[in-house]
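S.K.: Could you put the whole structure together from the sequences, leaning on the hints where they help?
Going by my numbering, the sequence shown opens with residue 22, and the numbers climb by one from there.
In short, the hints are calculated from the structure, not lab data. It is possible that some hints are incorrect.
[As the list claims (entries may be wrong)] Derived pair list, reagent style DSBU-like, types lysine-lysine, alpha-carbon separation capped at 30 Å:
1) LYS76 x LYS42
2) LYS31 x LYS43
3) LYS76 x LYS43
4) LYS31 x LYS42
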Amino acid sequence: IIDIAIPALKQLSGSQYPSFKKNLLALIDMDTRVDLFEWSLQKILFRHLEGHFEKPSSTITRHADPGQLTREFALVLSVMAHTGATDQGSAQGAFDASAQSLAANSLTLLAMDQISSADLDQALGTLDRLAPADKSRLLTACVISTWHDQRATPTEVELLRAFASVLDCPMPPGMTPGGRHDD
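M.R.: Right under this line is the structure:
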């Protein structure tokens with residue numbers, strides 16, 4: 022539905038977009054908590070629409086050193102691992118598999134109550150400065166986490182799409198991790 026809505030939302034006028042953005046954020050905040058689905062939805066929408074409605078910043082892209090971003094990697098992989106997990110053991114297994122794919126054995130699984138949406142936003146903002154190859158490795162680690170239990174929930178898929186979108190590596194519409202198409 023998001024992929025269908027984005028072209029229509031790009032038809033908003035320059036004065037309508039700020040109202041749309043404000044209203045969407047108000048709806049998300051209405052229950053005073055932001056769940057991962059709501060967070061994912063707004064990240065995907067705003068990433069696509071801000072490039073259309075807002076002037077891009079003219080900052081020079083500097084590639085971050087992946088070795089200096091252990092907190093950010095741990096945070097993203099922890100969210101991914103917990104999202105599809107049925108218990109702490111399955112979360113730990115998914116996290117360990119994804120960390121191993123990055124050859125980052127020093128990463129530690131964070132508890133979900135240690136992670137706020139602001140922390141996740143900040144981490145992804147920093148990780149967006151990675152070189153394209155490093156972004157690809159991170160997304161591959163997220164896919165490994167998603168499929169660790171041989172299944173992907175809709176929330177996991179949308180979260181992965183949100184991460185990919187924020188990192189400017191969007192997934193094709195209707196595509197699930199692992200190359201499987203939604204039916």
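S.K.: Hint by hint, say whether it matches the structure.
M.R.: These are the hints, each one checked on the structure:
Among the hinted pairs, LYS76 with LYS42 is consistent with the structure: their alpha-carbon atoms are about 16 Å apart, no more than 30 Å. Restraint check for LYS31 and LYS43: satisfied, since their Cα atoms lie roughly 16 Å apart, inside the 30 Å limit. A threshold of 30 Å between alpha carbons decides the hint, and for LYS76 with LYS43 the separation of about 18 Å falls inside it, so the pair holds. The straight-line distance between the Cα atoms of LYS31 and LYS42 is roughly 12 Å, inside the 30 Å bound, and the hint therefore holds.
No hint from the list above goes unmet by this structure.
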